[in-house]
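A.B. asks: Residue numbers (my numbering), protein chains in the order written: chain A, 718 to 1216; chain B, -7 to 434.
It should be emphasised that the hints constitute simulated quantities derived from the structure, not laboratory data. Check the hints yourself; a few may be wrong.
[Said to hold, decoys possible] Simulated coverage check for chain B against chain A, where a stretch passes if three residues somewhere in it have a Cβ under 8 Å from a Cβ of chain A:
1. 269 to 276
2. 279 to 288
3. 362 to 373
4. 383 to 397
[Unchecked claim] So these bits of chain B aren't anywhere near chain A, every CB distance computed over 12 Å:
5. Phe4
6. Tyr23
7. Phe34
8. His47
9. Gly50
10. His52
11. Tyr64
12. Thr98
13. Ser122
14. Phe132
15. Phe173
16. Tyr336
17. Phe343
For every residue, glycine included, the Cβ atom is placed at its ideal position computed from N, Cα and C.
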Amino acid sequence: MGRYLLKRILFFIPTLIIISLLAFIISINAPGDPLDRMVSAQESGGEFSTQTANTAKEKERWRKKLGLDLPVFYVSLSNAATPDTLYKVYDDNERTALKRLISQYGNWENIAAWNNQLHTLSTAINMMIPDTSNFAVYGKNVVLDTIIEAKQNIGILMYSYEDAQIQLRLNTLTHYAATYPYFAPVKEQILKTKTLYEQLTSEKQLAKTWLPAIHFYGHNQYHRWIFGDGNWLTGKGSVDCKGLVRGDFGYSYETKLPVGNVIGDRIKWSLFFALTSVILAYLISLPIGIKAAANKNSPFDKTSSVILFVLYAMPTFWVATILLMSFANVEALHIFPASGIQPVTGIPDDANWLTTIKLRLPYLILPAIAFTYSQLAFLSRITRVSTLEIIAQDYIRTARAKGLSEHTVIYKHAFRNALLPIITVFSNIFPMAISGSVILETIFTIPGMGEQVFHAITTKDYPVIIDVFTLTGILTLLGYLVADILYAVADPRISYASK
Amino acid sequence: MSKKNSDNKFSFRKYAMKQFKHNKPAYVSVYILLFFSVIAIFAPILANEKPLYIHYKGEHFFPAFSFKNNYYINNADGSSEKIQLDIADWKQMQFDKVVWAPIPYTPGKSDRLNSGYKSPGGEQFFKDKSGAVVPIPGRFRHILGTGSRGDDLMAGLIHGARISLTIGFISMAIATLIGLFLGSMAGYFGDNKLTTSRGRFWMVVLGIFVAWFYGFQARQFVLQEAIKTSGFTLLLQLLFSIIIVVAIIFLFSQLGRLVGKLPWLNNKVNIPVDGLVSRTIEIFHSMPTFILILTIAAIARPSLTNIMIIIGLTSWTGIARLTRAEFLRIRNLEYIQAARSLGYNEYTIMFKHALPNGMAPALVSIAFGIASAILVESSLSFLGIGVPSDVVTWGSLVNDGREKFSAWWLVTYPGLAIFITVTVYNLIGEGLRDALDPKQKR
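One chain only, chain B, in its complex shape (with noise of 0.2 Å):
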């Protein structure tokens, strides 16, 4: 980018960035964002039943930073006492020095005392350091109530914060990848702009099975082995797989490129990847995405990622498409013509050249995709599908709430907490649909 001559020519960037921040709402829902982040990022710390520091005979702990499970702490008497810090009852226990996170309480940790639904207001027990039950001092106290087994809400408030805001970013992360991708392969090369010879493309569909035999079907045993392991090795044999199936198609690519030499197998073939993404995606459209997701998240193991996985792989098609019609639109714009008549390859010039300016149309959409993202996790969790039954979410904290109707509590704060975030995406994609659409020129 030429930053030195930028103050006498007009840059699109700044002059969407003006608009943007023009409106109001918008401007103002990336601050609330920003704040909902910070609390996703430091809720370990903000909600947590185990203290953040702790001076113990002598010794100094930080309990909610340790990976440990369990400290030895030497007696005078020369005898050792185990704290063993999952299960430890820490209000309980006589220290030195003791400094709380600000909700002395984790998610989903159930406390016997104040189980069955205590409101927010109301009274609430505590068990002092004697063992006596009395009345709930301020400072522990559950500030925005409790639900069945008295688990605290504001610290599933906070923890649900972070997942919902997870599976919003990684699921559209995965959306846009693919959206991205083959959006600006549809655009670019549209239906006759990708040719090559007979027996290169012949050679590569031969490829792709030859490599999904290698790294998939040969391996299957390998990989069924790593998802019984832990999530870290499936990964890595999934690279690895990849990795497999990469190179097998390029080596087929390669002797395509001979083979394509000979006669016959020399005659130039279309591919329409326009046609082929654009029939995609109307696949998509018509597919119930809603019960695909179910469906899938009830046979899969129960887990977060899976559930990104899913979403991200049912809601690239809006990204897509708008990809599509900014490419189309790019694709013969000077900039790209000069950069073909300098010889640059064509890979380059997409993903180089044209995308960074073909991006703006799907940033609109992934907000408004983050929101809906959101919106399903949230009703998945609501229905107590796909999520694992000890995760705490926003959705699962409302299907406590409809188990009692008095615990309104338990129904309006993280109902709150989602229409918020939605909301608040919401805004931003509006306020990026108005700064990036010309049409708009105030």
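Isolated chain A, as found in the complex (with noise of 0.2 Å):
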């Protein structure tokens, strides 16, 4: 047992890799730069310039406390012409058009020389003050328009790769530095700029391109979601983020706050609803199975196996509106509130439990009820084959021939072992009260996880997504884990250890 225990707790180690990375590959392929989203230019206050600068500020930092400073992972496969530093430039559409850039010429540093240049020219017409002299002569307005034209263009440039784009925004700065005067500041700059681009454009090494090359990262990413920005095994050192080994689950980018807070508050609901609707369902289905597999072909066995057929078949957010349509409506039958889990003006601080239980009583049961019916009709049927199967063997039999009661034979002998199968159902439990039941909290308004994912998924909040994501598949490996022992504990014919 010990044995096969290790064993499988081994084999956890593949599986969760896999489903980390799935995550993963997810998220960074999300389109939208989440520090966009994460800092806004209003936050910040002031004059426009300082808002900037404080943006770009604000952003730089929440790069680093994200992690968004480090290559994606572990290796990349990219064409020889592509610089293993090509990461460090964040901004996607930058980086993208040096991408084109590369994959057009293959001469990284022109490439280099020539983005390094618009940098430079950029931050050399920022400074530039025109003098109010030139107002005189060619207006004020044409003055100031030809300059915040001429800062676009260069903005422009540094997103651009096709050649067409970028000759003519080069023209019109060509054309600007030759025509007005107060240009002269940067005129040479932006001269050197189109020699860079010719340079570019006549020294192509195509060959690069069509050859791979591996880079390898240490310290990447991924590693870092994992196993934290400290020592990777004792996670000393770590400033921002422990890592997911050692339970921090990063940010999120809608509230900023960190994603296990988030999942703390919200699982409570998950974990009730989950719980009473297995406990309910099995109260239930339990029965009817048993029921009907004692008295097969019988009456109650057809209509059983019919409705539960039906009800099998019926998808669960259709019967979630139904009953919300008959039970919850001011036209029909208005017995039970429409959403939540409380009533709107909260619970008095000072009621107590049964109050409270009062309170809420309403509110939770058409949420009961959906919960309750979705997992019914597997189980009934479950129940009813396995017990079925236990029913056509030999020891019922004997007990039938030493002539006890068809009552004993059934809950005595043969409901144990018939219950062998739902043990399996009972491990699904724990995954389920962490992603919960994404439609059915949706069509309730439960604050639970299930909720919490549909608002995630809508506002592309990808860190609660992601770890919601995995941390499902570490609750279901666990899960499957439990019913392994339960199984081994509950029938002690089954014995894991190897032959």
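Dock chain to chain to rebuild the complex, using the hints, since each chain is given by itself in its own frame.
C.D. replies: Structure follows, in structure tokens:
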């Protein structure tokens, strides 16, 4: 047994690695820069120029805090022309433009020079203050407009990779430099930019783009997510992130709070409904399944089978909606409230537990029915099938032959053994509690994990999603393990010792 | 197949067919499914706001079947009239002769006069040809009522059938391809039947990396452009990438054959196909599939194709498991050994001789799989994730009904449609299982 368990637990590791990798791949492929959402200019306040500066600083801080300044994974496969430091260009669009330029021309030195020059030019043009005497000659609007236009053109150049686009922008810049004397401070730079681009396009090294190259990174985003930013084994020296293995789930993009807090708040409701519904479903389905199996082909068996079959095929969201429509509808029966888990006014602070239950109960009944229903049909069918199999066995015949009453035979001899397959279902409770029932919790607006996942998906809060995903995977594996142990406990014939 | 002496031989296929016909619910289900399929196939003719046929100013048109955007009609006085097919107000136009579709509405198109949930039996309005608002004539009634924007429910149901059935069918086709391939490989070769030389093994591993680089990495921008242009270009470019990948792996495998002749590299290595496939299945089992589908659907651009692919990629495990078990049995049968002793290629034996006999259990899993794919799709569109907002599906109709509880028709009818479809597939699955299981012999 011990060896078997050890083997099972060792097998967890590759499975967990793959699940976490999958979650990670999904999250890094998500479109958009999370920092843009987390840090908006309005929050920092002040003048426009200080706003942008503050935003940039704030972004830098969060980038470090979330570890987005690191390479993505342990290895990266790219063409030989791509340098291994490209991940340090944080702007997504700029990095894409650079990658495209690399795939078009293959000469990284020139591309880097061109990109650096664009940044130099950009700073230079930002520093430039036109002499007011120009206002009289060209008109104030023209002066200011041309400068803004030039800045925009440089910005576009950083994101551009198509030759026609770049040429167009460069031509506009050189035209300004040639026409307006107030561009004199940056004229040199603009001309230099143009030459650099010409060099870039003329000195192609295409051979390199057709050769594969592998780069290795010791410290990367995936490593940081799993092991934290300190020592990977002991966790010493970690600053912002202790890693998933030490129970640190990172920060939510939406609330900027640790994901662990979010999960902690939410899990109790999901756990409550998972447990309640499973217990209720057992209480109802076991008698039905056993009675149906004991009287096979009786009218009870036939009708219950048909009803359960029908229940099995009904979509959960439909049943939940119909429940709400019939029992929480102002125009039909208005017995239960339609959403939430407590009165809008909240529960008074001085209420004792009895009052709390009394206030809450109407809110919990409809969801409980919907949650229970979704397991009921499946459980009854499984109970019936497994009881049928047991009843056909010899020891039941023996029990009958020695004259025991049918009741004793079924409930004392068959029942225990029929319980076995049901253990499997019990092991699903933990994963169900963590990922919740997305649909049911959304319909009934229950503040549980499922609703949180739905919310995270609509607001693209990827850390929450991938943590829930990974946690559910872990708990499913644990559930299987618990089920295996329970099997061995419940049935002495099952032994996991190696033969 | 030997047809001539089949009468004195036991044919499992015929036997299973007979058993299946004995199962009345399953047999009736097949006909219900056929009926639904016919509705799905002819949906654009059954529910369309464009008339099927019009006779207008001496010319004949078939707007519902037309791929054109505009009709140009020359008037008698030499001026020309333009009808824009997608926005024309057909019901207000004066035709010499007109044949309407059975349900003269297109799903999702708003009908302003009947907006805000009009019940099937209640008051509905219609603008007649003079422009006056009158009670709706029987021919143009919204027979199952309307949704929030006055969109016809019956039309939505008919087109929803098309979407649900397509999603069920295509996603399970993807799942079946993967499941049958992996399951039969795992079952047929087991853990120690697929051997190769060490040199060839490592050459193929290397080849996969190289193929990935030239097939996808080096072409990533071409593929990205293709995603932006159109589905067809993407398909073409993907196909091209796959050809590159296959060609490179084949090249490396052939090179490996040569390399495998060298000393040390010519040692035999085992490829534990069964172990690999079984582990993969276990991994898929411990993943929260619905959350995975939700997440991918939320990240990817909303599209039905994406949903089909995601469902297909996550639901092949059942098929693979059953096929594997069946192949474990089949590989020891005499006819396989006979084929092997005749010197047939292993893959020929596997896919040509063993697969037709090993597919039966997978059929059951496919039927149940389609049912659950339809459930997943309707849940997704109910939540409004992954399905484009302008596409009307059964799930999105129920969701529209959730906004207003008194609109019972919006919840009841689409829900019933989902329920019937799922039940029908489940019944067929059960019927197949009973028919294919020799233990149930009557």
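A.B. asks: It remains to establish, for every hint, whether it holds in the given structure.
C.D. replies: Status of each hint after checking the structure:
Coverage of the region 269 to 276 of chain B by chain A holds. Counting CB-CB distances below 8 Å, 3 residues qualify, and the rule asks for three or more. As drawn, the region 279 to 288 of chain B meets chain A at 8 residues by the rule of a beta-carbon pair under 8 Å; at three or more, the given contact holds. Check result for the region 362 to 373 of chain B against chain A: holds, 4 residues qualifying (beta carbon to beta carbon below 8 Å, three or more required). Here the region 383 to 397 of chain B counts 5 residues with a CB under 8 Å from a CB of chain A, which clears the bar of 3, and the coverage holds.
For Phe4(B), the condition that its CB be more than 12 Å from all CB atoms of chain A holds, with the nearest at approximately 25 Å. Distance check for Tyr23(B) against chain A: the nearest CB is about 18 Å away, which clears 12 Å, and the non-interface claim stands. No beta-carbon of chain A is positioned within 12 Å of the beta-carbon of Phe34(B); the least distance is around 25 Å. With a least beta-carbon separation of about 44 Å from chain A, His47(B) lies farther than 12 Å from that chain, consistent with its non-interface assignment.
Under the 12 Å C-beta cut-off, the non-interface status given to Gly50(B) relative to chain A holds; the minimum distance is some 51 Å. For His52(B), the requirement that its beta carbon stay farther than 12 Å from each beta carbon of chain A is met, with the minimum near 45 Å. Once the 12 Å rule is applied to beta carbons, Tyr64(B) is consistent with being away from chain A; the minimum gap is 37 Å. Taking the minimum C-beta to C-beta distance to chain A, about 25 Å, the non-interface status of Thr98(B) holds against the 12 Å cut.
For Ser122(B), the requirement that its beta carbon stay farther than 12 Å from each beta carbon of chain A is met, with the minimum near 37 Å. Non-interface call for Phe132(B) relative to chain A: holds, since the shortest CB-CB distance, roughly 28 Å, exceeds 12 Å. Look at Phe173(B): its CB is around 20 Å from the nearest CB on chain A, clear of 12 Å, so calling it non-interface holds up. Consistency note on Tyr336(B): stated as away from chain A, and its beta-carbon is indeed over 12 Å from all of that chain's, at 36 Å minimum.
Chain A leaves Phe343(B) outside its interface by the beta-carbon criterion, the shortest separation being 28 Å against a cut-off of 12 Å.
The structure shown violates none of the earlier numbered hints.
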